[in-house]
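J.: Here's the letter readout for the chains.
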Amino acid sequence: MTLKTEPVSVNLGPQHPSTHGVFRFRVTFDGEEIKDVEPIFGYLHRGSEKLAEERTYAQVVTLTDRMDYVSSMLSNQAYMLAVEKLGGIEPAPRGVWLRMIAAELQRIASHMVAIGFLLQDLGAWGTPLTYAMREREAVLSMFEMLCGARITNSYLRPGGVFMDAPEEFWPTLDSFLDALPHRIDELESYLTGNEIIFARTKGVAVLHPQVAIDASITGPMLRASGVDWDLRHRDPYDYYDRVQFDRPLHNAGDNFARYWVRMQEMRECIKIIRQCVEQIEPGPVRPSHDDVPFLVRPPAGDAYAAIEGSKGELGFYLVSDGGISPYRCHVRAPSLINLTLLREMLIGTLMGDLFVSFGSIDLNMGEVDR
Amino acid sequence: MTRSWSGEKLAEAIEAFAPGVTTDSNASDVWVQPDRIKEVCEGLRSRPEFKFDLLSGVTAVDYVDHFEMVYHLTSLPKNAKAVLKAKCGWGREDPVVPSVTPVWRGAELQEREVWDLMGISFEGHPNLKRIALWEGFPGHPLRKDFATYAQSLVPVEELR
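Residue numbers (my numbering), protein chains in the order written: chain A, 1165 to 1534; chain B, 7 to 166.
Note that these hints are calculated values from the structure, not bench results. Because the structure is a prediction, the values reported are computed rather than measured. Only true hints are included.
Here are the simulated DSS-like cross-link-like pairs (lysine-lysine), alpha carbons at most 27 Å apart as the crow flies: (1) B/K93 with B/K57; (2) B/K15 with A/K1249; (3) B/K44 with B/K87; (4) B/K150 with A/K1249; (5) A/K1214 with B/K135; (6) B/K93 with B/K15; (7) B/K57 with B/K44; (8) B/K150 with B/K93; (9) B/K150 with B/K135; (10) B/K15 with B/K87; (11) B/K135 with B/K44; (12) A/K1214 with B/K150; (13) B/K84 with B/K15; (14) B/K135 with A/K1199; (15) B/K15 with B/K44; (16) B/K57 with B/K15; (17) B/K57 with B/K87; (18) A/K1214 with A/K1249; (19) A/K1249 with B/K84; (20) A/K1249 with B/K93; (21) B/K57 with B/K84; (22) A/K1199 with A/K1366; (23) B/K87 with A/K1249; (24) B/K93 with A/K1214; (25) B/K93 with B/K44.
From just these sequences and the hints, can you work out the full model?
T.: In structure tokens, the structure reads:
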């Protein structure tokens, strides 16, 4: 006997524990199957791009912290690269190494959050999240040593970072890097071979590589569809051309592939940080105030700089009119652009997989709405 | 290292398939006529000498006497990038440019953002609604004549 069903529209969010912030869907279900999805944005819009126009170049860093608040070091880095390109500022080598270390630590923390909450969405309530958050906590404590802040770091300045790492930072970093591979192994031994996770994530919300490229999807999401595109490798910024690392790829393009790519990328982050620590040399962490004054006044013009953020290509497009604040500051936010195909990914999947697929995109509402 | 197209070379290459479309170029950027932007983008995407298959970003800048659309293009197979610009909305009348969403799906949310915050509308966009603000919000905040609270207290010249 077949039951007669009819579509029902359900509103999910904006206040929902699984929406990773304040995000709203209007979903049409037929039984358990998703028939249509309409994403509704804007609940966290603070007008960061407009606010940047009335702050000095150094002050805008605080706004970039609050865009993607689980990877603020990476936002800082993308913004500073754009300022340096715009102003023709030559960064101090020690500052560059330090911000590379900070950026890779941040990538580990951000991927840990993505994996932890993905498992939370799968229904593994609390436990995997606690394992993931333990590593993030260690990273945040190291950020506290570097700059005194844990989430909203504002660590970077035009041409480098604002202060050198204290002496106790290096042994802490070393012991963290020693412990982390075992911690990742431990986490993977629970998850990567887990049959329940296979059943729930394999073949769900599949993204084909050509479709993903067409929709401007970048980052771990694109690499999970088998496209070898990583800006650290293809278009090296800072000193990424002086470090060796692999780029984990998966061909399936499903939720499991996206989880797996992030897991493996954390191991590459460890390799990169080790090479940074080997190559870093004593010296100033940023240019002197004679070279780069407190009020940076880049010549009139524009510049676009992009980095491989934890979520994809994170770019800043800055326009200067020669004044002390940007004339226009645009953010190429990977979290927003990776949502382009949300509707196509979700249609045909089941109600229970909705938040798993959504979580596997790894987005941050602070960056989506800005 | 990703190769950046020089503006002059790209202008020459665009002229080869769409004569008379470029209006200006410099070392890094090319300016094209806004009403033919879709035709140019289709060529840049499909022609074998360009193969710009990934649209990195779409944005707009308000230069008070006109607006400027800025497209950042990336080619994965050729590992190249280019910047395409179009000046539109002279005299601040409501600017309209053709949408590039039919060319690259990735422009969809970004063009909605430009419409919402800058007030440039896109002809042929499948779903041109506000994205960050609500329907009925007065004005477009990223325009220079939209004053923030701080700007309404102190003249802009004194803030600089």
